[in-house]
Amino acid sequence: PAATPTPRATPTPRPIPRATPTPTPSPTPVETPAPAPSPEPPATRLPDREAQPVGGTEPGVDGVTIANEQAPAIAAPGTASPEQQNDADRGLPFWPLLIGTGLAALAIGIWLGRRSRKVPALPAPTSRAAAEPVAPPRNATPVPDATPRAEPTPPQPAAPSLPPEPSFLAVEARPVRVGLNMLSATIEAEVTVHNSGATPIGRVAVDLRLLSAHSGLDAQLIELAHQPQGRPIVPPFALAPGESRTVRGVTALPREAIHVIDAAGRPMFVPILAAAAHTDWGVSRCAYAVGLERTDSSKLSPIWLDQPGRMYDQVAARPHVMRG
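Numbering (full-length UniProt numbering), first residue to last: 1 to 324.
A couple of the hints might just be wrong.
As the list claims (entries may be wrong) - Computed spacing ranges between beta-carbons, pair by pair:
id, residue 1, residue 2, range
1, T246, A213, 20 to 28 Å
2, Q229, R177, 21 to 29 Å
3, E243, R266, 40 to 48 Å
4, E293, R231, 27 to 35 Å
Read the hints as simulated data drawn from the structure, not as lab findings. The beta carbon of each residue, even a glycine, is placed where N, CA and C say it ideally should be.
Sequences and hints are given; from them, build the entire structure.
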């Protein structure tokens, strides 16, 4: 018998894959459903080389012989069809984009984390009110100021003054007698009141006081001027315009109210005669230092308290000038 030539396996031609353009990724890619693959013919098992006919034909399915040129392309196991290959190529760019974005975000996060570690966080500012007070040291001794501060001097109250007097009313006094007794010092005096104005004065009351000289005499006279009217030495009277009138009266000062002055070891006092004329227009006043007249000097002698009590007729007066 003639030798049968060994049939050669004819390679199945494969379709050349075409380069599919990569679609531009969009912010939110929407997956497009892949079209259903076309039905493929059932895979045909290749015959053994020994059973392959020489004439270039291949046995068909169910006894039908199919020529190699007419045989459809049969995909090898594990090989996708061109349509599936195209669909797979279309879905590839989406996943690399997600992976790349994730890697970039991870790299940025690592870089920021390293930077935050290098830069120390600044402490939050604390308010002055919340700051804790610092306790002074226990053994600290307060240091006095180098220059002591002078205490502010309180303002001195205004010194009282005499009330204003009517310009048209004048009053004068003249001592007549002065002396001492067991209980008091006594003075008799004449008081003259003159109305130099053009208006009659309906009521004039004359007040006569006996005081003793001392350092606070001026303040006593001012206080006396602000006191209410005392008992007049004579009943009140009226004065016509330009009229003058002289009245006489007696007043006394208790011994215990006398301001004693020591003169070379001897006690004495200087009588002060104060007269005032009270009217509805105001009050006029006068004050005099009273003493005994001397033949050898123009100065007046005081009243000596170490002598027996008596009344002196040779008396004179000097106007008392208030200080300030």
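Hints versus structure:
no. : hint                    : verdict
1   : T246 - A213: 20 to 28 Å : holds, 26 Å
2   : Q229 - R177: 21 to 29 Å : holds, 25 Å
3   : E243 - R266: 40 to 48 Å : holds, 46 Å
4   : E293 - R231: 27 to 35 Å : holds, 30 Å
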